[in-house]
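**Student:** Now for the letters of each chain:
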Amino acid sequence: MKTYDFNQQYISKIEQEVALSTENVQVHYGKSHAIFDASLDFPRFQITSLIGASGSGKSTYLRCLNRMNDRIAQVDGKILYRNTDINSKTINVYEVRRHIGMVFQRPNPFAKSIRENILFALKNNGINDKKELQERLETSLRDAALWDEVKDDLDKSALALSGGQQQRLCIARSIAMHPDILLLDEPASALDPISTSKIEETLKLLSKSYTIIIVTHNMQQASRISDYTAFFHMGHIIEYNQTKNIFTAPEIKATEDYISGDFG
Amino acid sequence: MNAKKSDKLATGMIYGLVGIVVSILVALLGYILYNGVPDINWHFLTSEAQSFSAGGGVRDQLFNSLYLLVLALIISFPIALGAGIYLSEYAKDNWVTDIIRTSIEVLSSLPSVVVGLFGYLLLVIQLNMGFSILAGAIALTFFNLPLLTRNIEESLRSVPDLQREAGTSLGLSGWKTITKIILPMALPGILTGLILCSGRIFGEAAALIYTAGQSAPSVDYGNWNLFTETSFLNPMRPAETLAVHIWKVNTESVTPDSSAISSASSAVLIIVILIFNLGARYLGNKLFKKMTASK
Numbered sequence: 001m002k003t004y005d006f007n008q009q010y011i012s013k014i015e016q017e018v019a020l021s022t023e024n025v026q027v028h029y030g031k032s033h034a035i036f037d038a039s040l041d042f043p044r045f046q047i048t049s050l051i052g053a054s055g056s057g058k059s060t061y062l063r064c065l066n067r068m069n070d071r072i073a074q075v076d077g078k079i080l081y082r083n084t085d086i087n088s089k090t091i092n093v094y095e096v097r098r099h100i101g102m103v104f105q106r107p108n109p110f111a112k113s114i115r116e117n118i119l120f121a122l123k124n125n126g127i128n129d130k131k132e133l134q135e136r137l138e139t140s141l142r143d144a145a146l147w148d149e150v151k152d153d154l155d156k157s158a159l160a161l162s163g164g165q166q167q168r169l170c171i172a173r174s175i176a177m178h179p180d181i182l183l184l185d186e187p188a189s190a191l192d193p194i195s196t197s198k199i200e201e202t203l204k205l206l207s208k209s210y211t212i213i214i215v216t217h218n219m220q221q222a223s224r225i226s227d228y229t230a231f232f233h234m235g236h237i238i239e240y241n242q243t244k245n246i247f248t249a250p251e252i253k254a255t256e257d258y259i260s261g262d263f264g
Numbered sequence: 001m002n003a004k005k006s007d008k009l010a011t012g013m014i015y016g017l018v019g020i021v022v023s024i025l026v027a028l029l030g031y032i033l034y035n036g037v038p039d040i041n042w043h044f045l046t047s048e049a050q051s052f053s054a055g056g057g058v059r060d061q062l063f064n065s066l067y068l069l070v071l072a073l074i075i076s077f078p079i080a081l082g083a084g085i086y087l088s089e090y091a092k093d094n095w096v097t098d099i100i101r102t103s104i105e106v107l108s109s110l111p112s113v114v115v116g117l118f119g120y121l122l123l124v125i126q127l128n129m130g131f132s133i134l135a136g137a138i139a140l141t142f143f144n145l146p147l148l149t150r151n152i153e154e155s156l157r158s159v160p161d162l163q164r165e166a167g168t169s170l171g172l173s174g175w176k177t178i179t180k181i182i183l184p185m186a187l188p189g190i191l192t193g194l195i196l197c198s199g200r201i202f203g204e205a206a207a208l209i210y211t212a213g214q215s216a217p218s219v220d221y222g223n224w225n226l227f228t229e230t231s232f233l234n235p236m237r238p239a240e241t242l243a244v245h246i247w248k249v250n251t252e253s254v255t256p257d258s259s260a261i262s263s264a265s266s267a268v269l270i271i272v273i274l275i276f277n278l279g280a281r282y283l284g285n286k287l288f289k290k291m292t293a294s295k
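If you read the sequences in order, they're chains V and G. Going left to right, the first sequence walks through residues 1 to 264 as full-length UniProt numbering numbers them. Going left to right, the second sequence walks through residues 1 to 295 as full-length UniProt numbering numbers them.
Just so you know, these hints were derived from the structure itself, not from any lab. Among the hints, a few may not be true.
[As the list claims (entries may be wrong)] No farther apart than 30 Å at their CA atoms in a straight line, the calculated lysine-lysine pairs in the DSS-like style are these: (1) V:Lys131 <-> G:Lys180; (2) V:Lys151 <-> G:Lys92; (3) V:Lys131 <-> G:Lys290; (4) G:Lys92 <-> V:Lys31; (5) G:Lys176 <-> V:Lys78; (6) V:Lys123 <-> G:Lys5; (7) G:Lys176 <-> V:Lys156.
Same shape as in the complex, but just chain G (with noise of 0.2 Å):
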């Protein structure tokens, strides 16, 4: 065979396999949409789900997985950022170091379930804190930290070492250069690696339902203070996502409408996803741009 055409054979087949890639991936979201979209109406998203009759919605479930993710991101990121700077900027490379990314490695690829049962353990029964949104956004940050802390470490690692010599030549300090110098730069990718991780956080149930619980209590909206029960901000109390929704009404759902309910809710599952995702790409690109010239 001569190179011409081996080089055509070899096209062939990555064009091949991207398209079964990609023509799983439009089957999958596909059917999804095809089959949840027509069941989301205004009532869908605003009403509380019912247990026996039909006609619920997903108002709570879609409010407690935005605020679940948002503690989440609160209580993991500012980890995630001190590590992923310590690992990028002042690690040496030795021993212990290694251990460090050996751990980081082995924690993202823990499976959400045990990450689930443990938090169900230690922060549920252990610490008493019961089934809660903040048991709930702590297990998240543990299935959350390694992509997270990853992803930080990769951003900055990608800033060249010729801007850190630029700042040291300067006389700036080390402390300085990374914080006004080499994060900014990095901030576009850190800025995707979020919001990927908060694609990934948002559809995540097997980690939350033993931790959040699988109970929606209805909440009151205008309570605005947090420490009272039935405040929609108390992390106190138990918060069913949309992704446990899904889980839930797929089970053990009597109500006549389940799969409707269950297929509209996947629809807006995918469709809160795809913003994020797209919504990504968007600010890191406009981030970018501004950053380097070009506007």
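Extracted from the complex, chain V is given alone in its bound form (with noise of 0.2 Å):
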């Protein structure tokens, strides 16, 4: 395996509007160091692609942006949004969740049908107006581009749909809150390439309202979508660029290393 020199970094400025931003976080599991040092900045209302061999850390710094890595891990550093420091233990946990919201690898929609699944958790935020919530939940089905193909069956399980349906539908759950933001955890690599274009079509459209953090494997999909994109390596950030620079010219050699398949 080669071994490149993680002080080498090159990480851009933002220029302009951002929605989320981390100050030197470290994240450890027991004594295993995770994440060192990541310090981004995530542009409102644009894509940014997390990429990175397995066990880069990707993943990892993903789940501490909205606290899904309490009680696994130990994270430190700083956390910003909205001007607050959501990693400090003193925030209201769920609060940060409801504003920054979470797809997962694999679909995990609830044994409930689908308008439940969608209505569940704004139902136990205290939304109960008939009419907003039919209104939340066809906006969010429509929005996933799952509406015209579950509008007649709203009552049937969640688990009768296909893999890209379910997943559309926990991409629908998560909208349906309002977040801010859409953390996207390799939404699409339990999926065959139909559903994962049509995916990748509705994370498009939904970037024009929420801010996207997406981890995937597949750097074409990194490529066709995301505006930003950042290299993973070995719990480092090395790189953090506009996608088209990072794809066609990168500034760390082992960005230019893993981008052409000559890694590791």
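Can you join these two chains into the complex? Each is in its own frame, and there are hints to help.
**Tutor:** Right, here's the structure in full:
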């Protein structure tokens, strides 16, 4: 395996409005150090991809952003959202997760009807107005490009849907909460190419009104859909730049090797 | 020996072993039912047991068994549910949890006669309950808790972690996620376990001989006031169950038809347990189907 100098970094500054940023985030699983000094700014209403080999820490880093690593790992450093450090102990993590939603690698709809999958969390957050619920149900399913396929089966179990549909349902479930930011952890890796391209289209559309951060193994996917890309290697962020620069003119040798497949 | 041959041999052996298990089961069930069923009739199910003359029934014993079962489940289910949720969702992997698990395992391997004698000393004598349904129900709780707790824990554990993450990522609290998402998914498994435990309780004799007693005083099935002595619901009365009745008829009965009574009682017991088991499968399947599409 090639060794690279982790001090060689290229992190480009974001000129536009920033939705979320991290400062010197460190993650420890017990004694092992998983993320080293991760500092990134995520531009608002843009798609940012996190790429890197398996075990490079990109998923771990993503899960820090809405506190999904609580009780699993020790996360230090600052995560700034609307001028608040959401990594502080005193923050209301439930509130954080309502603003920063997450979609996982494998589709995980609840064993409930399609309707209840979307509405369950809303009702539990105190939204009881029937009209509002119906409205959110329809718009979130439309936004996730699922409405036309399920509008007649809203009371059927979500588990009867195909994998791709289930994943879009999970996206709909997240955006029904009206989050600011959507985190996706390899959302298409368990899906076939057709479902994948549907998810990608969906994300493209969503990026008009959501800030999206997506972990992906698929470099074509990163280059197709994202505006910015961060390259992770062994817990370090090696390079962060506009996607077109990363894929056409990377600044760091490690990035270039990874993208060209001459890695490891 | 080549791969094909050894595979055939292994398969044959496995079939053989399964065959032994099945034939033992069929032989036992067949024997009990063959001997017992001809003696079961409406009169047998609806009349009192007789001490000296022939023609006694098992009305009270059958009712006592069912009543004791219900009471035991009312006491043990909430405790087991709480303990199961704790073990599967909250317990950290440390020595305290290990001790809890080990205790549960030890408790589940206690011989039921020991549980019965312990119940006798603690409940019947020390706490002055006398031979009573309540004492029996509490003894059955000791006996039942470990299995039920384990079953609930396993059922909850079998729900994928992805579901927990889905709940948390939507801003739901841990408790909401457990009660509204995880528990409903685990329900078919929990229900199956509950009914299987019921079968075990229903057939239990040793733990009850010393706690619920061996006598079935005649009770009034029209008296719904459970605080009066003659009420069939009075939890403080002694109550011989069906399983205890079988034991007693076989050891010390002087009625001329005792062997017929014991065979018929055994058959009734087996049939009720069979109904529980088949019911558990049916209900479990049905619930699962209802929850996971395919309706």
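**Student:** State for each hint whether it applies.
**Tutor:** Verification of the supplied hints:
This hinted pair checks out: Lys131 (chain V) and Lys180 (chain G) have alpha carbons roughly 24 Å apart, not beyond 30 Å. For the suggested pair Lys151 (chain V) and Lys92 (chain G), the alpha carbons sit about 43 Å apart, so the restraint of at most 30 Å is broken. At roughly 28 Å between alpha-carbon atoms, Lys131 (chain V) and Lys290 (chain G) fall within 30 Å of each other, so this suggested pair holds. Taking the CA atoms of Lys92 (chain G) and Lys31 (chain V), the gap is about 18 Å. The hint holds against a cut of 30 Å.
At roughly 29 Å between alpha-carbon atoms, Lys176 (chain G) and Lys78 (chain V) fall within 30 Å of each other, so this suggested pair holds. Between Lys123 (chain V) and Lys5 (chain G) the CA atoms are separated by roughly 62 Å; this puts the pair beyond 30 Å, and the hint is violated. With a C-alpha separation of about 23 Å, the suggested pairing of Lys176 (chain G) with Lys156 (chain V) holds against the 30 Å cut-off.
Violated hints, in rising order: 2, 6; the structure is consistent with all others.
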